[in-house]
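Engineer: Next come the chains, spelled out residue by residue.
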Amino acid sequence: MAGRAASIEPALMTPIPNQTSPVFSQPHLLGIEGLSVSDVLNLLTLAHNYVELSRHGEKKLSVLRGRTQINLFFEASTRTQSSFELAGKRLGADVMNMSVKSSSVSKGETLIDTAVTLNAMNPDLLVIRHASAGAAALLAQKVGCAVINAGDGAHEHPTQALLDALTIIRHKHRVEGLTVAICGDILHSRVARSNILLLQLLGASVRVVAPRPLLPAAIDRWGVQVFSRMEEGLKDCDIVMMLRLQLERMDGAFVPSVREYYRYFGLDEEKLAYAKPDALVMHPGPMNRGVEIASSVADGVQSVIREQVEMGVAVRMAVLDALARNRPVQAETPAPQGGEA
Amino acid sequence: MSARVDFPPSGTPYAYVNAGIVDPSAGLECPGGVVVQNGQIVACGPEVTIDALGDIPHIDASGLLLLPGLVDMRVFTGEPGTEHRETLASASEAAAAGGVTTMIVMPNTDPVIDDVALVDFILRRARDTAIVRVAPMAALTRKLEGKQMTEFGLLQEAGAVALTDGNRAVRSARVFRRILSYARDFDMLVVQHVEEPELATGVMNEGEVSSRLGLPGIPAAAEIIMLERDLRLVELTGARYHAAQISCRTSVELIAQAKARGLPVTCGVSAAHLILNENDIGAYRTFFKLSPPLRTEDDRQALVAGVADGTIDVIVSSHDPEEPDTKRLPFAEAEFGAIGLETMLASVLSLAHRGEVPLSRLVDALSCQPARILGLGIGTLQPGAPADLTLVAPHHSWRVEAQALKSKSKNTPFEHRMLEGCVVQTVVAGHLVFSRQID
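Keeping their order, the protein sequence lines are chains A and B.
One gets the working numbering by counting positions in the first sequence from 1 and adding 17 to each.
Position 18, counted from 1, in the second sequence is what the working numbering calls 2; the numbers after and before it change by one each time, with no gaps.
Think of the hints as simulated: they come from the structure by calculation, not from any bench.
This structure is a prediction, so every number in the text was calculated from the model and none was measured.
Some hints here could point you the wrong way.
To be verified - Stretch-level coverage of chain B by chain A, calculated; a stretch enters the list once three of its residues show a Cβ under 8 Å from a Cβ in chain A:
| hint | stretch |
| --- | --- |
| 1 | 35 to 41 |
| 2 | 216 to 230 |
Claimed, not checked - Far from chain B, some chain A residues (derived; all Cβ distances over 12 Å):
| hint | residue |
| --- | --- |
| 3 | LYS76 |
| 4 | ASN139 |
| 5 | HIS147 |
| 6 | HIS190 |
| 7 | GLN319 |
Backbone N, C-alpha and C fix where the C-beta goes; we use that ideal spot for every residue, glycine too.
Please take these sequences and the hints and turn them into a complete structure.
Structural biologist: Structure (structure tokens):
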């Protein structure tokens, strides 16, 4: 497997000058939309360095010593939440997890109430996941700290797209010119949206493959090629990115049944054979084996699914570090007041 | 109905002179004046000059437009039930500031206006607390559930000027067919929220913008399907039908075709839909979450053209007060609706300034047509009509600041916008109910 610095795309080799200089132009990471290529490459470079550090160096760093990171998860997510938690802790931050599903929100407290309460604790970094599109952006208007979107409804999941890009670059040494097929429930997928934006920003050619009821409106306006057959959509592509299909959407609401979905859209070896022989198989997890992906493919030689998880921690370390660099050392920014919801 | 709002008549005549009179009901658009006595108009036209008035006291309205008072066919308030959002009194203050002299209030209150006693309640509360005329539309179906008809005849006798389920569509074609047949017996106007509920589960217009924002969309087809169905049922029953608000190009075409076939059909559009489009939602701005949703720029242009050529009869504010608790939420969780009484006239005047809609057609859509469709005997400056007047400085610009608006709720989509055209005086039944000093 790749992973050695020498094999990485030259752009990623740019050394980060030192540990405190700004590398990211935004105060928050709310989505891929609006990011510049240099923002993205800087984050990926930083993340690439953190992969090496995590593998070979001292795992506990002090980059975020004295910083407070709150993980505010309105939707259950073991994987993303622990990835952010681990990333913060490796950088020396004080990390607090709030799973709000079971707490005051069920007592009628609104997102903004929760945000204002948390803001009063003066965190530096607020990681939010919420079932509503735009929730992270709304929160960012109301708090004084850096906000990281860890998934907002069907809108964006920027750290997932960044970790996918890092995974791709470490194997293919580039993104530009690659053909990437994103397959499955595009309609409900924030992962698909962020990935389409990021891969296009970095110069990839993006295809989406899905049954029509799982495609968003006006998908043809996104600059992607649309396919409704896996055999055509995967033909000669470099990356096959599978998406999770929620089980409740397979009871006739969007597709008729699991077995029909698997027959036409499940990634098995036969369908994978249409892609390039060295195509990578990716999945943001958690996987439904035997629904959107066959176990033999998920665990096969072309799969980089486990590596994606490792990249996830590194990318989140990079994002936390980059956003913290844009903040004063003594965090005491008051919350902005007013403004339209 | 509206006549129940009694303002004590004043015996002394007075006049406005040197105004720009716009009265589409008489095809009048000329310099002139109006004489008012006992709450009624006694003279109107170019012949009303200072010289002709003799001893009658007059107000010099130089530089101002003088319009028949506006009639807003679609106003939601919170009375009864959610008075903290809006009362009839506070809505009427907002109406007066916006040049609206008659508000038609929707039955979507708690309790629903689906009973004679509740129509009576609205009229009595309005008489006691409101400064403009108020007339209610009563519910088409009990509790707005779309199942059982209300008592159309008794509601009409009590003072309901039309029937509607407000912001809900009657889903069942069978129920709606019977409603139309029965309403015809009383010559009651049936007002429908044209949206197929099964398709309208989203939160904004379905299209590229909704996809990019990751928000569930409402396709234009939701409106088109309901409108097409309703037009078939109108054809079957012959009832008078009014589509409360249309929002897309195809709906304009459907209405035009229905009128060409001679069906007794009219429709409205909100001021917001004539000025704004889906892109104004920007980064999830919930004050732009409306029902029907703001649609594309192409749709907006079709709506403007529909107003200009008269296909769309009426412009409404669709004033819908919402509080921060229901708006300061993630977009998908926020309520639909925006206030609009105070900005309706000023916002659509931009269409006249740009030459997209003739001024007289705007006034027709804001005053004469709603009055005609509802049979209110207002919306005109002709002698004998109630003296409901709106005076406007057409080129005076002002900035919309939510806190300065009179509505109890501040959810305006026009916040911080500059609008050109400002209501200077509003007169109801000969009485000044609003005036504003401008430089």
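Engineer: All hints, please: hold or fail.
Structural biologist: Verification of the hints:
With 0 residues having a beta carbon nearer than 8 Å to a beta carbon of chain A, the stretch 35 to 41 of chain B misses the requirement of three or more and the stated coverage is violated. Against chain A, the stretch 216 to 230 of chain B contributes 0 residues with a C-beta closer than 8 Å to a partner C-beta. That does not satisfy the three-residue criterion, and the hint is violated. Annotated as non-interface, LYS76(A) keeps its C-beta farther than 12 Å from every C-beta of chain B; the closest such distance is 35 Å. With a cut of 12 Å on Cβ distances, ASN139(A) stays outside the contact zone with chain B, its closest approach being about 22 Å.
Remark: the non-interface label on HIS147(A) conflicts with the geometry, its nearest Cβ contact in chain B lying 7 Å away (cut-off 12 Å). At roughly 30 Å, the least C-beta separation between HIS190(A) and chain B is larger than 12 Å, which holds for a residue marked as non-interface. Against chain B, the non-interface label of GLN319(A) holds: every CB pair exceeds 12 Å, the least being about 30 Å.
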